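Each chain, letter by letter, is given below.
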Amino acid sequence: MPEDGAQEFSKIRLWTVCILLMLALGGPPRVLAQESSFTAPIGRSLELDSNGREKVNWHTSVRGSTQEAVAAVSTPFSIIRPSIPASTRHAKTYTRQHTFGCLDLLTGQVIPNRKITVEPVRIPDTGGHPESNHTSGRSTTKDGAYDQTVGNTGSDGLQFRTTYTSGEVAGEIEVKLACFNPDGVTVSSTGSLFVHVRIEGLVPLPDSDPTYVFEGNASTNTHQDSHYVRPETLPKVLNLANMFFAERGKIIRINDASLVWGGLFDYPGKWLPPHASHRVGEEFDVDNTKEQKGTGTVPDGPDWKPEDREELLAIARSSAVGLVQIREIAASEASHYHFRDPRSTFQP
Amino acid sequence: MKHFPRLSKSLASLLLVGIGWLPTLGEAEILIPVIPTNQVDVTVAVDVKFDTATQLYTYTYNVTSLPASQQNIETFDIEFDGEILNVTSPRGWKSYPFFTEPILGWAAIEVPDESIPPDYVDDGSRFPSPFQIKPNETLGGFSLQSPSPPQAVKFYVRGFAQVPTATDAGDFDDVGMTIPVFPDDAKAGATLGPRLADNLIFAGGRRPSVDGFLGFVGNENGETRTLPIAILIRFGVNGETVFPDTFTAALNRVDVTPRFINTGNGTERVALFELGQSPLVLGRNVLTTSVNGLVPDTTRTATDSDAFTFFAVQ
Chain E
1 MPEDGAQEFS KIRLWTVCIL LMLALGGPPR VLAQESSFTA PIGRSLELDS NGREKVNWHT
61 SVRGSTQEAV AAVSTPFSII RPSIPASTRH AKTYTRQHTF GCLDLLTGQV IPNRKITVEP
121 VRIPDTGGHP ESNHTSGRST TKDGAYDQTV GNTGSDGLQF RTTYTSGEVA GEIEVKLACF
181 NPDGVTVSST GSLFVHVRIE GLVPLPDSDP TYVFEGNAST NTHQDSHYVR PETLPKVLNL
241 ANMFFAERGK IIRINDASLV WGGLFDYPGK WLPPHASHRV GEEFDVDNTK EQKGTGTVPD
301 GPDWKPEDRE ELLAIARSSA VGLVQIREIA ASEASHYHFR DPRSTFQP
Chain B
1 MKHFPRLSKS LASLLLVGIG WLPTLGEAEI LIPVIPTNQV DVTVAVDVKF DTATQLYTYT
61 YNVTSLPASQ QNIETFDIEF DGEILNVTSP RGWKSYPFFT EPILGWAAIE VPDESIPPDY
121 VDDGSRFPSP FQIKPNETLG GFSLQSPSPP QAVKFYVRGF AQVPTATDAG DFDDVGMTIP
181 VFPDDAKAGA TLGPRLADNL IFAGGRRPSV DGFLGFVGNE NGETRTLPIA ILIRFGVNGE
241 TVFPDTFTAA LNRVDVTPRF INTGNGTERV ALFELGQSPL VLGRNVLTTS VNGLVPDTTR
301 TATDSDAFTF FAVQ
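Keeping their order, the protein sequence lines are chains E and B. Note that my numbering numbers the first sequence so that position 144 is 144, with each residue one more than the last. Note that my numbering numbers the second sequence so that position 107 is 107, with each residue one more than the last.
Bound conformation, chain B alone (with noise of 0.2 Å):
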């Protein structure tokens, strides 16, 4: 145990207590056992805001670690489809793009000097970032710019740990312990990210003359989605006027009008649903929509009124 360091030695002689694990199991030694990196409790609210300079969306996160957290939070990663760039960090966290997976990571990996104790000494055991999130903390400044669309992507954040260790890797296949890889080893949620979005759009199809004044983004009337579930909706997909602002929807007959928020690409608004934090249900959804607008060529007001089926599935 020469090579074990204080901070290690405590923190794995509190584990072996705690969870009454055994150090020596037959010819296995586990010095530090496997700790799962969920033990977080966490809320990702996304801002979206489209550029029409740049047609560029920007996508900015605050990620809240909630005061149930038992472990600082030190990466998170949200899935995306399509472009990303002019990504940035808050102050001590670097981003990396996953290498197999089209997912952007950040983690807190600064470690500045004067954080580090004097009497230090490097034993090969993790040192924590002090820019960690802590519970009950709040940390923004992940953002990143794409041309794509807000849609419903996962979210992945995991929690700082030492590294499994013993004094061989079999050792954790002799006693039956698994190491949990991505995305096991994090907790997940879903938020709004970039995604590729198809040209189809759902308008309706009874009154040509007022369908396009609200058109589904990127949906088919009655398909099937999995779970995370965002709707994208345009007004005036053919260029007609109309009044946001009578704007009306409902899911499953509850109002989820204020869940529609307005990315800055014109008139467009995306609303997130989740199971549990909104009306949504698995199987069968109905979100019946309402908008005002001018009916072309005249100066007369109609209404576009949408009833839009999905199936959510897990």
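So that you can see chain E by itself, here it is in the shape it has in the complex (with noise of 0.2 Å):
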């Protein structure tokens, strides 16, 4: 084969392994290499397995910016706890190491020695807040954290290794990335990679049951979506509304319960407490006292007598071997009962 027709041959080649690429990846990349070749971030966590052994999984990142990294199918890479701060039921940091690469598209081979960077950022309207409700700018408490977010590929170039500490705030997490060119300063690549950052397992409580009425969950609400609760909670939960109309006739009004992903229950939209339990789905709240916002036959409606509170608390205590019973008298807000599911299987 002349020359001419071997460079030719070749180009053919490079093309058509590029086009494979690019059609793999879901897109072509935003960022050309600028040495002739392709990179794209890519991350290795650590998970447990059904077994509670440790599988490694690597992933490719979702590349392009920011929007289409989000409208794209966002599969976690990680999934990790909110974390719960000290002195707070069930406290415990949740960690997950991560190791993080710079991939030559055209060969399939790792990047030595080059400059990457990492950066969490929390994705707008996931884990059950709504952002439009909540106040803005960054913390540690919505996003989390990496121990370190610059670093190198290493001599093998998977050396660059930091570990994520998840904020308080369920929801998901987008893990920037950028890769850089040997000079360090030009970004070759970047891309992006997801963490869950959420309790596992929780279900709601039917909306429609003639037993209870929700509060909170109005599109009023900063968070409309607040009962979700433990499946080994729920029965209690409706064994207690159930039992408590059928010797009453009355319906029970439940307040808070969990989010859909648990977390931290910022319900005035701050990213803060003042809710430091309703974490992981073993907490809910019923309303209590004689209020006018009730009608008909709610039990802290005009209606409401001490003798209800009675029954109501004898209930609580046979529904589940003795729910916890916490009343919280909020200076923005009205007494209610706060019940804890003593048997919750939530383990730390």
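I should point out that these hints are in silico values taken from the structure, not numbers from a laboratory. Just so we're clear, the structure is a prediction, and the values are computed from it rather than from any experiment. Treat the hints with care, as some may be off.
No more than 16 Å apart at the CA atoms, straight line, and that leaves these computed lysine to aspartate or glutamate pairs for EDC-like [as the list claims (entries may be wrong)]: (1) K94/B to E110/B; (2) K49/B to E274/B; (3) K187/B to D41/B; (4) K176/E to D147/E; (5) K115/E to D156/E; (6) K176/E to E247/E; (7) K270/E to D156/E; (8) K305/E to D119/B; (9) K154/B to E101/B; (10) K134/B to D41/B; (11) K94/B to E247/E; (12) K115/E to D183/E; (13) K94/B to E307/E; (14) K305/E to D211/B; (15) K305/E to D123/B; (16) K115/E to D104/E; (17) K305/E to E114/B; (18) K270/E to D183/E; (19) K305/E to E274/B; (20) K154/B to E268/B; (21) K154/B to E274/B; (22) K92/E to D174/B; (23) K305/E to D81/B; (24) K305/E to E247/E; (25) K154/B to D184/B.
Two chains, two frames, a set of hints: combine them into the complex.
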């Protein structure tokens, strides 16, 4: 084959590989490599399988702008629970080590000795927190944090290991990555991976039941989807409501439980307590006082009597072998009972 | 504090001063601290009767709050095993089967309108039922029926207290306060209650012609049993003619014959043994019994003497 023909063949082969890679990765790269190669950030996480054994997951990033990345299917490359601060029930800081690298898309090899940066950013409207009802700004409470945000891929390309500590707020975290050229200044490629910060397995209380009504899920509330509980807690809540209705002919008003992915329930929308609890689905509030906001037979309505309260507490005790009963009197709201499932299976 | 009631305010103040509790510790604001609800001293008397027509045992309980009790009793619960039915409650009390445990609870919940002062303002605090059992009072009327024979069961009694109150549930965690849950929120004791018994009957084994005069129901010689312990016996397990008046029993060489009460189911008798209130000891126990009867197919009287050994553990 003539030399020109061989070069032409090499070019065709190169472009074929590029096109195949682009198709495999879901689109053309935004950032072209500076050394006649395509690169892309990649990430590795250690997760536990169903048997509690560690398994390594390698993930290729979704490339492009944040908007495009978010619009893509954000399959998590890592799942982690929201951290729970000290002196709070089930207090624990959850961390996960991640390894990031830069992939040469032409050779399929990781690239050594490259600068790489990582930045976790919370994706709005995830984890049950409508962004428009919350204060703006960044914080480790909502975004979590990596202990190292800048590093080098090292001699084998896999030396940038950094530990992510989840924030208290549940939600989807976009991990923005940038690989740099050898000059360490210009970016060769960007991409995003996704971490899900959540309490897994929470289930919603049925939103239609003749024995209770929800409070706190109106469109005017900061969080509209706030009645999630643990699977073992669900029947106890239902039994409480059903038995109370059977005995008193009145319905209870269930206030906050947990958000869809658990985590901090910042009901004022400031990414901070006052709800220190309500994080793992084992707690829920029931209104208590004779306020005029209810109508008909709603127990905190006009016909709520002291005897109703005594029976509610007796049933609560028998409903779950003693739901923990705490009466909360926050300045901003009325007295209510805070029930906690003492037989919750949640383990920090 | 504008939501806080006169009743609770005075109670909270008393408690806070009394135990030296600071109402504000850091960010936490505890308005009513955790008050143990087991500050009661109680005895439970049980009567067991068997109805041959219905084949049901009727269990009737009298709950006595001793003078040393510091709280009125507001709940009374018993463990059971098997089917229960026809539960009755004293006036002002209602029964509640526990949702996740084989326990039947009663609670004093009735608050008659006439017991509420005209100037009462409902701020969310508990208003105690006047039907609670006060110190030095006895209340009967707790009863149930069951086909299951009597065995030792635990009972739980709880005193009245206001619900722990704070501005946020997490405040209790902040100050390291644990809120007791069942059964730690109650005073426990032992009584007789329905419990399924298998058909195993230990009758002895040395003298087949007289061993059936007395059998131990649901028990195996040499077994280990968890406290509390009840011994259920039946006379004439094979239809022998037995003279119950001649029955005697000694636990660890101490006469316990009067402890065996007649259940009304034929000649069945049951006795409850508790640590400290009977000759029962942890570890090895020996119950010796004897009763006279007629040797089958004869007119000759003989004595069935048994030595039943069991090991008691907490």
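Verification of the hints:
At roughly 8 Å between alpha-carbon atoms, K94/B and E110/B fall within 16 Å of each other, so this suggested pair holds. For the hint linking K49/B to E274/B, the alpha-carbon distance of about 22 Å lies beyond 16 Å, and the restraint is violated. For the hint pairing K187/B with D41/B, the CA-to-CA distance comes to about 8 Å; that is within 16 Å, so the pair holds. A distance of roughly 15 Å separates the Cα atoms of K176/E and D147/E; the hinted pair therefore holds under the 16 Å criterion.
Of the supplied pair hints, the one linking K115/E and D156/E holds, its CA atoms being roughly 13 Å apart against a limit of 16 Å. Restraint check for K176/E and E247/E: the C-alpha separation of about 56 Å exceeds 16 Å, so the hint is violated. For the given pair, K270/E sits about 43 Å from D156/E by alpha-carbon distance, which is inconsistent with the 16 Å threshold. About 14 Å separates the Cα atoms of K305/E and D119/B, which keeps this hinted pair within 16 Å; it holds.
Taken as a hint, the K154/B and E101/B pair is honoured in the structure, with Cα atoms around 13 Å apart against an allowance of 16 Å. As the CA atoms of K134/B and D41/B are separated by approximately 11 Å, the hinted pair is consistent with the 16 Å bound. Between K94/B and E247/E the CA atoms are separated by roughly 10 Å; this keeps the pair inside 16 Å, and the hint holds. Restraint check for K115/E and D183/E: the C-alpha separation of about 9 Å stays at or below 16 Å, so the hint holds.
With a C-alpha separation of about 12 Å, the suggested pair K94/B and E307/E falls inside the 16 Å cut-off, and the hint holds. Proposed proximity of K305/E and D211/B is contradicted: the alpha carbons are some 62 Å apart, above 16 Å. The straight-line distance between the Cα atoms of K305/E and D123/B is roughly 11 Å, inside the 16 Å bound, and the hint therefore holds. About 14 Å separates the Cα atoms of K115/E and D104/E, which keeps this hinted pair within 16 Å; it holds.
This hinted pair checks out: K305/E and E114/B have alpha carbons roughly 13 Å apart, not beyond 16 Å. The straight-line distance between the Cα atoms of K270/E and D183/E is roughly 41 Å, outside the 16 Å bound, and the hint therefore fails. Using a Cα cut-off of 16 Å, the hinted pair K305/E and E274/B is violated, with the two alpha carbons roughly 42 Å apart. Using a Cα cut-off of 16 Å, the hinted pair K154/B and E268/B is violated, with the two alpha carbons roughly 22 Å apart.
At most 16 Å may separate the alpha-carbon atoms for a hinted pair to count; K154/B and E274/B meet this at roughly 11 Å. Pair hint K92/E plus D174/B holds up; C-alpha atoms about 14 Å apart against a cutoff of 16 Å. Annotation: proposed proximity of K305/E to D81/B is violated, straight-line Cα distance about 35 Å (limit 16 Å). With a C-alpha separation of about 14 Å, the suggested pair K305/E and E247/E falls inside the 16 Å cut-off, and the hint holds.
As the CA atoms of K154/B and D184/B are separated by approximately 13 Å, the hinted pair is consistent with the 16 Å bound.
Comparing the model with each earlier hint shows violations of hints 2, 6, 7, 14, 18, 19, 20 and 23; every other hint is respected.
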